[in-house]
Amino acid sequence: MKHNGSFAEKILAGRIREFGRADFSKNLKAADEGGCGVTGFACNIPVAGKHIFEPSIRMHNRGNGKGGGIAAVGFNPDMLGVSREVLDSHYMLNVALLEPSCLKALKEECVTPFFNVAKEETIDRMPDWRELEGLEVKPPDVWRAFVRVKPEVLKRFIEENGFQGMTDRWAEDEFVSRNSVRLNKMFYASLGDKQAFVMSHGRNVMILKIVGYAENVVRYYKLEDFQAHVWIAHQRYPTRGRVWHPGGAHPFTGLNEALVHNGDFANYHATCDYLKQRGLEPQFMTDTEVSIMLFDLWNRVYGYPLEVILEALAPTGELDFDLLPPEKQALYDVVQQTHIHASPDGPWFFIIARNIPESNTFQLLGITDTSMLRPQVFSLYDGEVQVGLVCSEKQAIDATLRSLAEEDPRFSPVADKYWNARGGSRSDGGAFMFNVTPDGNGGKSLACYDKFGRPVEVERRKPLDITLAVTKPENYEKDIQTLFADALKDKDAVKLFDSFCANAAGWDYNTLRYVVANLGRTARRQKPLLNTIVEAFTLILDRRFSLGEKKRSALVRIVNEELNEIFRALPKITDTLNIGYYSLIDAAARKELRPPIAVERALAIDAKDFEPEGDECDSVLMADAYRLGWRKFVVFDMRGQRFHGCGFGSMTSGVRMDLYGSSGDYEASGIDGMEIHIHGNAQDQIGQIMKSGLLVIHGDVGQCFMYGAKGGTTYILGNTAGRPLINAAGHPRVVINGTSLDFLAESFMAGDPLNGGGFVIVNGLTMNEDGGIIFRQRPYPGSNLFSLASGGALYMRDPNKMIVEEQLNGGALAELSDADWNLIYPYLLENEKYFGIKIDDLLTVDGVKKSPKEVYRKVEAVPLAILRKIPSTDDSVWAANAATS
Amino acid sequence: MHYRNVWSEVPPAVPIPTPSRFGRAIGKYTVMITEACNDCLKCVAVCPEKVFDVQGGKLLPPNDHLCLGIECSNKSSRCVRNCPVSAIRVGLNPSARALGDLRWTPDLLMSTWYMAETGRLPKNDIEYRVGDSGGGFDKLRLVFPKRLPKPDLDKSNIDTSIDLNRREDGRLKITIPIPVYGGGMSFGSISQITMLSRIRGFAAWGSYTCTGEGGYPEALYPFDDHIITQVATGLFGVREETIQRVKIVEFKYAQGAKPGLGGHLLGDKVTEAVARIRETVPGSSLFSPFPFHSVYSVEDHKKHLDWIKAINSRGLVSVKVSTPSDVDMVAVGSYYAGAHIVHLDGSYGGTGAAPDVAKKNIAMPIEYAIPKVHGFLKDEGVRDHITLIVSGGLRTAFDIAKAIALGADGVVTGTSDLVALECIRCHNCESGRGCARGIATTDLELVGLMELAWGTQRIINMLHCWREQLQEILYRFGMSSIRELVGRTDLLTHLDYNADAPDDDIRNPVR
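Quick note, the sequences are listed as chains H and W, same order.
For what it's worth, the numbering used here labels the leading residue of the first sequence as 5, then goes sequentially.
For what it's worth, the numbering used here labels the leading residue of the second sequence as 477, then goes sequentially.
Excised from the complex, chain H in its bound form (with noise of 0.2 angstroms):
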């Protein structure tokens, strides 16, 4: 599309023209909201709308009921009962008839005047939406048509318009869109009672919601099997309580794109305002409706590359600003400068599925607001088939995954990779995208690029096939079994693992598979040997090793449906005649709940059919086991539960927790002496005021780790999302092997580190598939890094000196001294026992083994001033008071 300033000028112009110019006098918002989960997967193969429903039930807790959505891109043409080429080249108009009888006078005033009809029909819905559980408003009927405007009315339109030169797609886009607007200000907007409104107008993109929760779309209008490229999905919290239509609902779209929101704008009235000194005046009243329109206006209108749309919603700034290099400072810095007031202020995550007919794409599109104050996790399987994701929770692509893999074997339940985006960065722009192209071969497939249009990839490799038989291999007795009879005739775990990783990259998947599922089976079967399994596989799922050819969310499917299969054939806690180390318990069983008997220890809970809060989750059952004399606790399947070690109270060390699946939000907060174990990522809000106890995370961690911990030890093998740390006092102790995105120990005032303090450590590595350390260019990538810190320490491995001054906000850089080392050299070692990151890995640069003072610098807080005098008050004073009351 060629594309003109003067066009654009002449686009708004005719807008205002049309409509009027907007009323400046106020901005109204009918109805405050931030809270949302929102979800969507792109696929390369066209999915049934069937598999947005397992997340959109998993974040239910993101919404109330009050609004659900989805969107879908890319669609089936047979399902709509129309060719290929109408599908490509029509709108497809999806009007919400709230008052079905306006459907008439509608067609009349706003369609058969000026399109061509190619089909329209009245979408099939079920007959009684009584029948859904959860719904209080019937949803709307929906009208669907397939239009093209009628020649002369176009011809017209452009003459009108001045818009001579324009391709005539680029006009018939303006008419449609334009229409719209009419047709909602006469049926929607304008009126008293508000009678239809559009839901989407454009090519291969059909938005639906009503008023209850997203999955009841799919159910209502009967999409359980229609199938599309793109699924995008919104749980919507208006705070408003009584809703009666779906018009505020999510998603928004603006011509070819459907949007969904997570968050809220501070200046929402000043981007209404830019948009009307634009001639667009928006007419749903809410910031998801705004976003879209800017989104529309940059990207239709003005004809922005993406790559620019993106800086002017998400303004790159401070340290990653200057590094950028000087043609994109240059460009950034005009961009902001004309678009900064209308920039999104504020918490805000957006996902956006689009069709791009002119590249012939379809796009899922996540990005974060420059803070990166709602949360969000992206995520790429790239196999047989390849699909990208990005959701609020982890929680929701694996639920996502796992839906998708239960219907077609050809998908798999965990992702090769999971991700979060660094808001406003120059390192990802906070934004990645996942298009759907034709590969050539009549087929399509999936690709995932930053803002900058840099690639995500995964290391190809061979994918699992699940449904091919687990055979014995031949030489299974002679060279395999071997392998492990020493280690179970010690049962030595560490033995056990030690054997499976040296040899699993010889193996093939049936191998792998046949291994796997005999140590079950052993474990399964021989009590005493059930520890030591137990062990070997957490170590399997923990640790990166070599696989050779396959595939590392292979081994963790199998080995964690393995373990789920082992915990699952323990004795229930309603046996009491089958006792044991372990005793099983369930949602269904939960009452039974009783105190240890005899050799019992741990409890098993199995998640799965859990709440994920509230009196009856599973984490509430284990403060209330734990009260009851349980002190070790295994839970497994979990789905996004959250509040795991909360309620326990003060001084629990003796406790320890392992939690398999995807575990939730606020995990390990509040504890004080527990030990907990996170086998795999962890979400956000994790350990918020820790008191005391030991927290491993074998892998990435969400927002806000530790906001206002007083103390404890946390390893972290991988990342920490946005502010860890945050109003963190007292002692805490942290290795972090990955790295932060930003805001690392704001404010931090744990005293004096070699005092008791508190510090974090932060080594700056990846690790590839197989295990193999990556230390990163830069250990920390974020411009604020201890800012107004008031005590403690950072101690970061950057050899290199990469950190500077303008990352700290009062912090100052200072070497290591011996002191420091003695107090840090314990910490490392214990990472090494978590981790395998042995410590002379970690002072080897570039292949030579330096001294800790070449290799990790210090960063600490610098005594003001104002501070010199300390007034000396303490506890006697009150003492003597007390004493002559």
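Honestly, the hints are just simulated from the structure, not real lab data.
Everything numeric in this text was worked out from a predicted model, so none of it was measured.
These stretches of chain H come out as covered by chain W in the derived footprint (C-beta under 8 angstroms, 3 or more residues):
1. 645-652
2. 671-678
3. 710-724
The beta-carbon is built from N, C-alpha and C at its ideal position, and this holds for glycine as well.
Chain W: place on chain H using the hints.
For chain W alone, kept in the frame of chain H given last:
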């Protein structure tokens, strides 16, 4: 009876005279005795208010804060006329006028001191209901019916209690006998003695006091059942154990006095004891961030509440927010997130530590916010399932009654408690040695200016007087319970629109 008692026990809610800690309390009038005095002690006999006191046959310096005023003293039966040597002069006290400010006028300060000393309303012409700010509650008046609607009501049995849990969710049912509890003031911002005085004073009345954000000193443990612990943005001193100790947990999202500014405790006040409780560095200024870093949306908020509920399985959850223009949405959002109490903090409050620029310019005045939220919750059909508590510059029993008539269930106070402890509103709370009265300080010497038992009794007395005033107000409205007053805006009038509103002084008799 004396107010001295065992420190770890909750004292009885009985008013006991508790005179000023300082030599001569400040009064509206000053009583001077010239050298001509011959110690004939006639004045002692004629004064009904015990202004004159004797020790060893000698006249002591007069308690001039008890003096009923010039008019009284000039009556033929009273002191001035009866002094044989004309040694008594009664006049306006010039130092009184130097006190306070337009919100807390000298009269209001002195009347509150009087209530805290005696548990009664002042008898002289001191204004005890409103200040002189020219707005807010100072312009609202209660409109009593001309005749008593129900003269048979037993005044002392009029119910002033409110329920704090109206959700029917299986958590604790808590009813407080007075419609007021103590707002959050941290150990660090005030001394431990001040903190405990408030806690014990409110506990005596069966009510609660919030710890503020500064930890939970061990000395508070005997009063766990009367304490609201605060979870605020800095999470100072917040531990699972402190959350589990109490029956009510308060989330502080913002303070009406300084919304959007977070909290700050300057280094001078961060003594070793304060730093120990908060586990920070002594002498380092402490800042609470302005947001909860873990809460940027209402679904985060729900998760946050769920978390506290997972830690404390029986307790109630209060959500304290300031009053932005969309405060109604915030309130209803909190209800849906599972809060039991929504606590609106309006813009008139704050001690001297809150910056003036914030106190005077941000957030909606509470008298606007209350009806807005009350009406919105009613329209949503959830008003009966949530307790609406308000604060922000509520100083007197009349302010409480007005707030409730506007739509609140109950109120929270802070500054008035400090005034009861003889705060003079000098606005130096932020500095380490700034508090001349040893209230808002952690300084070794200044803290010693106040005794716990004394402070406790002052609060008890003030609350006693407030309760009696509320009962009198309800009596005049013919109501048998304070719950009947909620949302009765028809019982209020605004001086801007009704300049000749009748006087609502309850010291005047009623027919």
